[in-house]
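2 protein chains.
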Amino acid sequence: MNPPLDMNKEDFRRFGHELIDWIADYFDRIDDLPVLAAIEPGDLKAQLPNAPPEQGEPMERIMADVDRLIVPALTHWSHPSFFAYFATSTSAPGIFGELLTAAFDNKAMLWRTSPASTELEEVTLDWLRQMMGLDKGLIGIIYDTASVSSMHAIAAAREGVEKRIREDGMSGRTDLPLLRVYVSEQAHSSIEKAVITLGLGQRGLRKIPVDSEFRMDARALATAIEEDIRDGYLPFCIVATVGTTSTSSIDPIREIIPIGEEHAMWLHVDAAYAGSAAIVPELRAILEGCERADSIVVNPHKWLFTPFDLSVLYCRHMDLLKRAFSLVPEYLRTPEQEKVRSGSDYGIQLGRRFRALKLWMVIRYFGHEGLAARIREHVRLADLFGSWVEASPDWELLAPHPLALVCFRACPAGVKDLDALNEAIMHGVNASGRALLSHTRLNDNLTLRLSIGNIRTTEKHVRQVWELLNHELRKNNEY
Amino acid sequence: MNPPLDMNKEDFRRFGHELIDWIADYFDRIDDLPVLAAIEPGDLKAQLPNAPPEQGEPMERIMADVDRLIVPALTHWSHPSFFAYFATSTSAPGIFGELLTAAFDNKAMLWRTSPASTELEEVTLDWLRQMMGLDKGLIGIIYDTASVSSMHAIAAAREGVEKRIREDGMSGRTDLPLLRVYVSEQAHSSIEKAVITLGLGQRGLRKIPVDSEFRMDARALATAIEEDIRDGYLPFCIVATVGTTSTSSIDPIREIIPIGEEHAMWLHVDAAYAGSAAIVPELRAILEGCERADSIVVNPHKWLFTPFDLSVLYCRHMDLLKRAFSLVPEYLRTPEQEKVRSGSDYGIQLGRRFRALKLWMVIRYFGHEGLAARIREHVRLADLFGSWVEASPDWELLAPHPLALVCFRACPAGVKDLDALNEAIMHGVNASGRALLSHTRLNDNLTLRLSIGNIRTTEKHVRQVWELLNHELRKNNEY
Chain A
102 MNPPLDMNKE
112 DFRRFGHELI
122 DWIADYFDRI
132 DDLPVLAAIE
142 PGDLKAQLPN
152 APPEQGEPME
162 RIMADVDRLI
172 VPALTHWSHP
182 SFFAYFATST
192 SAPGIFGELL
202 TAAFDNKAML
212 WRTSPASTEL
222 EEVTLDWLRQ
232 MMGLDKGLIG
242 IIYDTASVSS
252 MHAIAAAREG
262 VEKRIREDGM
272 SGRTDLPLLR
282 VYVSEQAHSS
292 IEKAVITLGL
302 GQRGLRKIPV
312 DSEFRMDARA
322 LATAIEEDIR
332 DGYLPFCIVA
342 TVGTTSTSSI
352 DPIREIIPIG
362 EEHAMWLHVD
372 AAYAGSAAIV
382 PELRAILEGC
392 ERADSIVVNP
402 HKWLFTPFDL
412 SVLYCRHMDL
422 LKRAFSLVPE
432 YLRTPEQEKV
442 RSGSDYGIQL
452 GRRFRALKLW
462 MVIRYFGHEG
472 LAARIREHVR
482 LADLFGSWVE
492 ASPDWELLAP
502 HPLALVCFRA
512 CPAGVKDLDA
522 LNEAIMHGVN
532 ASGRALLSHT
542 RLNDNLTLRL
552 SIGNIRTTEK
562 HVRQVWELLN
572 HELRKNNEY
Chain B
102 MNPPLDMNKE
112 DFRRFGHELI
122 DWIADYFDRI
132 DDLPVLAAIE
142 PGDLKAQLPN
152 APPEQGEPME
162 RIMADVDRLI
172 VPALTHWSHP
182 SFFAYFATST
192 SAPGIFGELL
202 TAAFDNKAML
212 WRTSPASTEL
222 EEVTLDWLRQ
232 MMGLDKGLIG
242 IIYDTASVSS
252 MHAIAAAREG
262 VEKRIREDGM
272 SGRTDLPLLR
282 VYVSEQAHSS
292 IEKAVITLGL
302 GQRGLRKIPV
312 DSEFRMDARA
322 LATAIEEDIR
332 DGYLPFCIVA
342 TVGTTSTSSI
352 DPIREIIPIG
362 EEHAMWLHVD
372 AAYAGSAAIV
382 PELRAILEGC
392 ERADSIVVNP
402 HKWLFTPFDL
412 SVLYCRHMDL
422 LKRAFSLVPE
432 YLRTPEQEKV
442 RSGSDYGIQL
452 GRRFRALKLW
462 MVIRYFGHEG
472 LAARIREHVR
482 LADLFGSWVE
492 ASPDWELLAP
502 HPLALVCFRA
512 CPAGVKDLDA
522 LNEAIMHGVN
532 ASGRALLSHT
542 RLNDNLTLRL
552 SIGNIRTTEK
562 HVRQVWELLN
572 HELRKNNEY
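Residue numbers (the working numbering), protein chains in the order written: chain A, 102 to 580; chain B, 102 to 580.
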């Protein structure tokens, strides 16, 4: 008997070509697919066998099931009318990068186990740093998600308090004050999750009020920190947000900087969404002040046309990050380890995908100008949509839109329950399958969010969702 | 001006086909590539531009650089003579799965944002559970790496101690005893990293001695726990390993179970490497006792031909995992949330890749029997290699080889410094580019490790590395 190996070369080529064509057709027909999966919970599960196949099945049958079962159960993030959450998108060079990564299947834990990945990561992240106008003191490292990037930043900050937390931990100690992290009320939930994970607890996070434009109130931050110091706590980290999830508001980094510096606190900037926009010269100001931040996270998988996942942490204190996470057992020692950078020294994950490849291919294929042009166009489309909202007596903006996210609602005269009306409008639009919106609450008002970030989104799609919204408003005017 | 969009359809098809052919050729010629990248630190960086391109570049030029710069800087994990660390491999259906995932680019944070991903994950992990012979009480969830899976298991265990650690954290408290986790001295470094990250500190981890076959000494474990309780500590979690990294030794789960149960401790089983082998009926016994474990991690990206990354945590207490990690801000609320499972409720990461797709495609394409046949063949090859070592007076085994990892060294008569000899042999083999081995230390002896796990590895490759080893032994006999 021949040893059982992988698919043979001819089949790999044939099915591979078919799959490439399938994907080309998918992008071609995606406008006609419902953005939101039109299925009920359990529908897909009910159609799948309860037990795994004993024998292998032909590729044709698997792909037929992708068509018949998987595609209808997808919410299409690649759809140009996906305007929910933060709209994101993959792109052709990014897809090709992922395809190569899956074939190489290398694990970039040590320099030696993947020199290409280690060195390409350093170079590509330095390119991105330059494109964003960040200073040379910031060194980049790739993680999977912003949640994980921010957790690592806060862990490095925790290591920096010099309380032997790596060695002695925090339980069973009487010598440790309450450690506290500060964020605005509008900060992303991932920061709270990171604080919980790190064992600091929800009590270790203090949420600072925001101003009328949803930006952290720097004076309230200063007062909170002083109060906490008086109470014997140890404030050690501020997380400011550039581009909050609800409204894309931008915390006043310049005002926050001196407060953090006065108390020797770590300033981490969560620019997971908005950071990419800084590659557009006229938008670069959103990162003002970051030349004095200790770390900053930006997600190319959000607004830089790079397939999910790829989050970048830029950090000014790689030594602390390494001190917090490096552990090299005998089986990972290599002769060159003192001379090189090994990714696993800087994080909880030992194995690391070759994520830099797709980002490198995206930057090279589109170029800095091409990427900036796409982001600039998204901002233009959001401004256009915002201008329609402003011009209409039936609609209103509920927050400024500095980037490509618009927060708004219907507010026709005489309607009492605006929340119910707007909820009905959103569900109507989403149920149509022709566009997908999401929501938030601002000043206790249900707020619709339109986020533009897909590489295939054009003015036509934005006009269409505006028509859909107005259609739903007319349909629901009984409220 | 037309809006700047993605690559056009014709180019996508053309370059996509070319890339598929490139990968088919890569697998075809991989035997002739050096396994270990033959470059010095900094070689690749020196060949890359310091600044990003302003204008986009043609795909042809990017692919030419992949050939010219990236491939020579890769350590080829897809090479059939990669025997280092844990040899792993991608496979054609897994690559196709990744390709689709990169095109869909969906984020499976909520059921609604990707019903296909959520439901396919549940079904596929239940298939894998059945294949491994695990009981129905274990529910699976996908993370990126075993490091992250184990961190989540220990976090759930920490939540289970009912000390309000999620709410109050561990700093600034006088009511909290020292929390402790127990592992064997042979456990993977990721457990120590997880314990550090979670704020338990290295002091929060106690390492238990192993027996002569590198398995946790259950009696020493019981004694350690009793000692710690007398000292006022709170033992709350045991991490046993099925398939340690150094030797693939298997901790005596059946003996450990009652010790953990006596003290109401969480038993987490790290079967990241070896768990996949349980799909082979005659190897199923390696998971004996897991019917009473609280959680178990297995990595299909290690030994189930699934491209990196995909780690599965099976857990018996999903409620605790959810209690430790769930946080649902307004912008993530959905109408169906009470009726469905949302992946982000169970972990630190909010966004989650559609990883289940590639595993589903791998299981369907090869079938349970096909996968088992490949693992069985790897075990046969390791046994064969082990028999050569045993039969030769110049070589010796340094540990049992229950699976597909062999620990051995050269031990020719009359040589004083066996470590130096074996180090020279390993470097000779690795520098040849024709195979890659790694090492560990066992009883303070430098130990060579041969790990078989690549889908393209055949008996020819194993014979070849044996010849290479003997060649290097003869070359280095001056020691």
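Because the hints were derived from the structure by calculation, they are not lab data. Predicted, not measured: the structure shown is a model, and the values here were computed from it. Check each hint, because a few of them may be wrong.
Copies of the same chain are indistinguishable here, so a pair counts whether it falls within one copy or spans any two.
[Claimed, not checked] Cross-link-like lysine to any residue pairs, in silico, SDA-like; alpha carbons within 20 Å at most:
no.: 1; residue 1: Lys-264; residue 2: Val-441
no.: 2; residue 1: Lys-264; residue 2: Arg-274
no.: 3; residue 1: Lys-576; residue 2: Ala-147
no.: 4; residue 1: Lys-146; residue 2: Ile-163
no.: 5; residue 1: Lys-561; residue 2: Asn-109
no.: 6; residue 1: Lys-561; residue 2: Leu-485
no.: 7; residue 1: Lys-264; residue 2: Leu-543
no.: 8; residue 1: Lys-264; residue 2: Val-172
- Item | Those earlier numbered hints the structure runs against, lowest number first | 1, 3, 7, 8
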